[in-house]
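Each number in this note's numbering comes from the position in the sequence shown (counting from 1) with 39 added on.
The hints are simulated quantities; they were obtained by calculation from the structure and are not laboratory data.
Certain hints may be false.
For lysine to aspartate or glutamate, the following DMTMM-like pairs were computed, each having C-alpha atoms within a straight-line distance of at most 25 Å [said to hold, decoys possible]:
id : residue 1 : residue 2
1  : LYS79     : ASP117
2  : LYS79     : ASP95
3  : LYS79     : ASP60
4  : LYS79     : ASP99
5  : LYS79     : ASP107
6  : LYS79     : ASP46
Owing to the predicted nature of the structure, the values given are computational and were not obtained by experimental measurement.
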Amino acid sequence: LQNTIADNVAHYIYSASGGLDQCGGTIRNCVIWGNLPQNKPQILQSSVPSYSCIQDWTGDGTGNLVVDPLFASALDGDYHLRAGSPCIDAGVNGHWWTWPQRDLDGNCRLAGPRVDMGCYENGSSPDTDGDLLADADELSLGSDPDAADTDSDGLRDGVEIMRGSDPL
Numbered sequence: 040l041q042n043t044i045a046d047n048v049a050h051y052i053y054s055a056s057g058g059l060d061q062c063g064g065t066i067r068n069c070v071i072w073g074n075l076p077q078n079k080p081q082i083l084q085s086s087v088p089s090y091s092c093i094q095d096w097t098g099d100g101t102g103n104l105v106v107d108p109l110f111a112s113a114l115d116g117d118y119h120l121r122a123g124s125p126c127i128d129a130g131v132n133g134h135w136w137t138w139p140q141r142d143l144d145g146n147c148r149l150a151g152p153r154v155d156m157g158c159y160e161n162g163s164s165p166d167t168d169g170d171l172l173a174d175a176d177e178l179s180l181g182s183d184p185d186a187a188d189t190d191s192d193g194l195r196d197g198v199e200i201m202r203g204s205d206p207l
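Build the full structure now, drawing on both the sequences and the hints.
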């Protein structure tokens, strides 16, 4: 979930895939792009991906994209999404199994109506407690940016906001 698998090189001469080969886990909200060898599929003998951006993908799955993800600077190893990326707000919400939920930079995983594909959330800001509510938003609401569940009711602050209830 939420991975960016890009610009990897399979070093085995008989490698069947440059990206994922025989992955039985969930492939969702991922970006799989630019892996070598390019004459091989990005995903082979793996779970069916969904809501992922996959180079040259022709297989099954719901919500998948086959367009350039528009990385900030792949040549420099920067795999953040640029403004205008088709992967922004293109993932699927509600498939988070573990908390806290932050992107690879430690920022809020949800910064818009839908989660982004890949490991970075575009336009996101820090989320110290990983409750899907940015620290700045928590301060403006009066909730505690260091406590995932300010009112101790069993619901994380960001989830309460999404449901329309008060985290206080």
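Hints, verified against the model:
1. LYS79 / ASP117: 24 Å, holds
2. LYS79 / ASP95: This hinted pair holds, its Cα atoms lying about 10 Å apart.
3. LYS79 / ASP60: The given pair, whose Cα atoms are some 11 Å apart, holds under the 25 Å limit.
4. LYS79 / ASP99: Given that 25 Å is the threshold and the Cα spacing comes to 17 Å, the pair holds.
5. LYS79 / ASP107: 18 Å, holds
6. LYS79 / ASP46: 13 Å, holds
The earlier numbered hints are all upheld by this structure, with none contradicted.
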